[in-house]
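Residue numbers (our numbering), protein chains in the order written: chain A, 23 to 320; chain B, 36 to 295.
If you're looking for bench data, these hints aren't it; they were derived computationally from the structure.
Be aware that a few hints might be false.
Stated by the list, open to error - Derived BS3-like pairs: lysine-lysine, alpha-carbon spacing no greater than 25 Å straight-line: (1) B/232 / B/217; (2) B/232 / A/107; (3) B/207 / B/232; (4) B/235 / B/217; (5) A/285 / B/147; (6) A/201 / B/58; (7) A/158 / A/107; (8) A/100 / A/158; (9) A/107 / A/92; (10) B/159 / B/235; (11) B/40 / B/58; (12) A/92 / A/158; (13) A/233 / B/207; (14) B/207 / B/235; (15) B/58 / A/158.
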Amino acid sequence: MVNRARGVLSFVGEVGETASAMWWSFFDWLAQVPLRQLVVTWILAFLLACTPALHPEQAAFFLLLSAGLKILAGGKRKAEIEARKAAVQAGSESLERRLVEAQMSALQAQVEPHFLFNTLALIGQLIETDPPEAAKIHTHLIEYLRATLPQMRSRGNGTLGRQIQMARSYLAIMQARMKSRLAVSLDVPPELESATFPPMMLQILIENSIKHGLEPKVEGGRIDIRASVSGSVLQVDVQDDGVGFNAYAGDGVGLTNVRERLKLMYGTRAQLLIEQPMDGGCRASICIPFAPDIFAKP
Amino acid sequence: MTQPKATVIIADDEEPMRDMLRKRLHEAWPELEIVAEAANGIEAIALAGQHQPDIVFLDIRMPGLTGIEAARMLFNRCHIVFITAYDQYAIEAFEQGALDYLLKPVNLDRLKTACGRLQSRLGKTPNNIERQLTQLLQQTGRSPAGAATPQPEYLHWIQAQVGNSLRMISTKEVLFFRADEKYTRVQTAQGEFLIRKTLKELEDEVDPNEFWRIHRSTLVRVDAIAEVTRDLRGRQMVRVRNSPEELEVSRGNTHLFQQM
Chain A
23 MVNRARGVLS FVGEVGETAS AMWWSFFDWL AQVPLRQLVV TWILAFLLAC
73 TPALHPEQAA FFLLLSAGLK ILAGGKRKAE IEARKAAVQA GSESLERRLV
123 EAQMSALQAQ VEPHFLFNTL ALIGQLIETD PPEAAKIHTH LIEYLRATLP
173 QMRSRGNGTL GRQIQMARSY LAIMQARMKS RLAVSLDVPP ELESATFPPM
223 MLQILIENSI KHGLEPKVEG GRIDIRASVS GSVLQVDVQD DGVGFNAYAG
273 DGVGLTNVRE RLKLMYGTRA QLLIEQPMDG GCRASICIPF APDIFAKP
Chain B
36 MTQPKATVII ADDEEPMRDM LRKRLHEAWP ELEIVAEAAN GIEAIALAGQ
86 HQPDIVFLDI RMPGLTGIEA ARMLFNRCHI VFITAYDQYA IEAFEQGALD
136 YLLKPVNLDR LKTACGRLQS RLGKTPNNIE RQLTQLLQQT GRSPAGAATP
186 QPEYLHWIQA QVGNSLRMIS TKEVLFFRAD EKYTRVQTAQ GEFLIRKTLK
236 ELEDEVDPNE FWRIHRSTLV RVDAIAEVTR DLRGRQMVRV RNSPEELEVS
286 RGNTHLFQQM
């Protein structure tokens, strides 16, 4: 008994709430509607209210006609809105694409002069003290430039194996310079080397790790590069035990470029993840759809 | 060459570079005694305090303290020579400020000239180069106090606990923040994260041109806004890209979208 009474009460309450919401939405509408529209609406409403009393059968016809008109007009308006939305979206997307392309070409020309000059200074020194080592570093530098300078980039650059090879060259140079301050490990299963992987992304992550994580750290540290596949996702990690991440530091040209390019190439199917493990350092991961051979479309 | 036996400390984070400089110095100035070598700025200061050298060679880019920061602490005790492979701004400043500097790889003739200049100055008090150093520090974006922390600007990364790690989410990836009881929900195109930072704290820390407060419980990234519409009740509703959620604009904030 009590329950039913309570049910009725809550139902009445709901009806009351709905009514008040409708009343207030009407009130809002009244506040905003232009005066002319209000007059026309008022006359129409007045006629509508009077006709049933005077001509019942005409009233029914009138109701039917207005309902039909409303449906027709509503459909047309909806189509118009959809079309406009699509046009705006297409416009902004093509604009974004052009913007990203512009930024990319700017970035591609970037080989850090500091790195280049320091490596050349090292080679110059090694020529005197250790010529075979100098020749090795020299070869690594050529390898690095071949992959980095946009004019030199060849079509075969788009595989993980090629990117790893380039990373090895870069890391070998950095190890020759930083000596015991830099330890490196690479764990990439050979069967993943033919997988499609966009150029320069791994390189950007590694350079970031060294520049922001390890170079500022007095005792240096290590950098681990791993690639793995789970399901249809290829994940490449670059992890360091450096000084970690400053939340106020800007996103930088490099990471922004990686993120934008991933979005452009794979939409939401790819991801750039940046994490700080509990035991310090920083881990950056790129996850893209796994395409085992170079003929597969990204 | 009957000079008093001068002492020097070499500071460079790259061991091969120290080797090279040591070798060249032996050739250019055989009487010079290398009393210590440092691998970073902090070590350089400590060793300088211990050995009281006449001269210190400082690489500019070093971990711990940069060469310029270290020089600020040492310049009134010994003669400073900077070494660098590539530091565009610094080199310009050196030339204007008449500071001694060497370019890597160190050229023997150039080093001999520098050593000659140092020899003539030994025994005199080192030049007061504080003004130039302060200028240099400002140009290279460091605070003159010598602290290596750059001025915090705006928050660019949101930290969210995911499993055993802190996920760093770039503010450029965030679509909006919504207050969600005790937590704040961070919405990205990929998913959502809960963080403990309150909306008020976030609003104070992020770039106000990047995020707008449109509602008591919503902070939206301006770039992510796809469109603003009015619903039947006349409320402005914001739709962001890559999310089906509609965000209400409260009455007090409708001025944000007046012309839209």
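* Asked: Among the hints numbered above, which are violated by the structure, and what are their numbers in rising order?
  -> Numbers 2, 5, 7, 8, 10 and 12 - these are the hints that the structure violates, sorted from lowest upward.
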